[in-house]
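Q: The listed protein sequences correspond, in order, to chains P and H.
Going by our numbering, the first residue of the first sequence is number 1, and it counts up by one from there.
Going by our numbering, the first residue of the second sequence is number 1, and it counts up by one from there.
Everything labelled a hint here was simulated from the structure, so no lab data went into it.
Remember, it's a predicted structure, so these values are computed and weren't measured experimentally.
Glycine included, each C-beta is placed from N, C-alpha and C at the ideal position.
Fair warning: there could be bad hints in the mix.
[Said to hold, decoys possible] Label-pair distances were calculated between CB atoms; the ranges are:
hint, chain 1, residue 1, chain 2, residue 2, range
1, P, 100, H, 125, 34 to 40 Å
2, P, 97, H, 68, 40 to 46 Å
3, H, 10, P, 6, 52 to 58 Å
4, H, 125, P, 159, 15 to 21 Å
5, P, 100, H, 92, 44 to 50 Å
6, H, 125, P, 127, 14 to 20 Å
7, P, 95, H, 82, 29 to 35 Å
8, H, 158, P, 168, 18 to 24 Å
9, P, 168, H, 159, 43 to 49 Å
10, P, 100, H, 85, 47 to 53 Å
Protein chains: 2
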Amino acid sequence: MSLWLRFLDWFTRTFGNRRRSVPREPLSIRPIAVVHNAVKTPRMDGWAQVRSDILVRDDLTSALDGIEEYSHIIVVFAFDRVPESELRARVRPGGDARIPEQGVLATRSQLRPSPLGVSVVRLLKRRQNVLRVEGLDAIDGTPVLDIKPYFPNYDAVPDAGVPEWARTLATNR
Amino acid sequence: MSLWLRFLDWFTRTFGNRRRSVPREPLSIRPIAVVHNAVKTPRMDGWAQVRSDILVRDDLTSALDGIEEYSHIIVVFAFDRVPESELRARVRPGGDARIPEQGVLATRSQLRPSPLGVSVVRLLKRRQNVLRVEGLDAIDGTPVLDIKPYFPNYDAVPDAGVPEWARTLATNR
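Just chain P, same shape as in the assembly (with noise of 0.2 Å):
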């Protein structure tokens, strides 16, 4: 970017007409799925080869044509299990001692202060408002907020940088 624009877009972030606080008006979504699957307690790990059906409602099932074209998707979900005293702003990743504790922010714990998951899983089949899926890892029951295909030139980026503890997890969630 030019010396010019870098300073254009400075100036207009700093300084220009905008919402410049948080809003602090909550957002009230609708879940349009639920998932069905045999992992009825939550858990760690062990989610790669779970497979699940997540149904949408019958009022969307029209939205979904198309989706079967791709190997993947991205479900958004809502942690709806923990109670709101559970949530806290630093957590140890997997409970494990050698790691740092880390902002609650910067890992994938579910004592998050909005209750969402997002994860990619592969698509493996649809049936009209079904979708059957493997490696959500998320309970039998959980509310799906959203579902969006995933598209490798958009979400994939296979060298991005991590700690070095986080190199040896599969995930830290």
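With chain P fixed as given, assemble chain H onto it according to the hints.
A: Just chain H now, kept in the frame of chain P:
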């Protein structure tokens, strides 16, 4: 997976004791941050070079500790400028007549039932509760609902399959 495990899987999915239908209660999610950048009106593309500051709520500053060790983060944000009357079940990606009409959940369009965006962006730096990022496709003032570190071995699927027409698009947003 063995045949027996598959059967068990299918059996519990089909007959298990669980929430069988999509929950009706909406989820209420409070924004954790707001986007500051030079983009004041929605646009289709040209986001790759855009720099944004994500201003996180003061009370969550320590919840960010450690995130500066990641090169990329996932930002979950709200499409809060889309009137409900504009939502639709089917869209034509990029408004391109050569592309077959798709169900909106098979695209990244913002006209989706739950107004959620999920983007992977480069984290340039953190200064206390402000994250400077590059490539976030959200306009100035956008509420941010969650921020997560990007783990390539969990989030990156470089060889994910997409339909032929999508291969030529950087993204169909």
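Q: If you check the beta carbons of residue 100(P) and residue 125(H), does the distance land in 34 to 40 Å?
A: violated (20 Å)
Q: Indicate whether the distance between the beta carbons of residue 125(H) and residue 159(P) respects the range 15 to 21 Å.
A: Because 19 Å falls inside the window, the suggested range holds.
Q: Verify the CB-CB distance for residue 100(P) and residue 85(H) against the hinted window 47 to 53 Å.
A: Distance hint for residue 100(P), residue 85(H) holds at roughly 49 Å.
Q: Hint says 52 to 58 Å; check whether the CB-CB distance for residue 10(H) and residue 6(P) agrees.
A: holds (57 Å)
Q: Between residue 168(P) and residue 159(H), is the Cβ distance one that fits in 43 to 49 Å?
A: violated (23 Å)
Q: Could one say that the CB atoms of residue 97(P) and residue 68(H) fall in the range 40 to 46 Å?
A: violated (23 Å)
Q: So the hint says 44 to 50 Å: do the beta-carbon atoms of residue 100(P) and residue 92(H) match that?
A: 48 Å Cβ-Cβ, so the 44 to 50 Å window holds.
Q: Okay, residue 158(H) versus residue 168(P) on CB: inside 18 to 24 Å?
A: Given range 18 to 24 Å: holds, Cβ gap about 21 Å.
Q: Hint says 14 to 20 Å; check whether the CB-CB distance for residue 125(H) and residue 127(P) agrees.
A: With Cβ atoms ~47 Å apart, the hint is violated.
Q: Does the Cβ pair residue 95(P), residue 82(H) satisfy 29 to 35 Å?
A: The hint (29 to 35 Å, Cβ to Cβ) is violated, given that residue 95(P) and residue 82(H) are roughly 40 Å apart.
The structure does not agree with the numbered hints 1, 2, 6, 7 and 9 stated previously, though it agrees with the rest.
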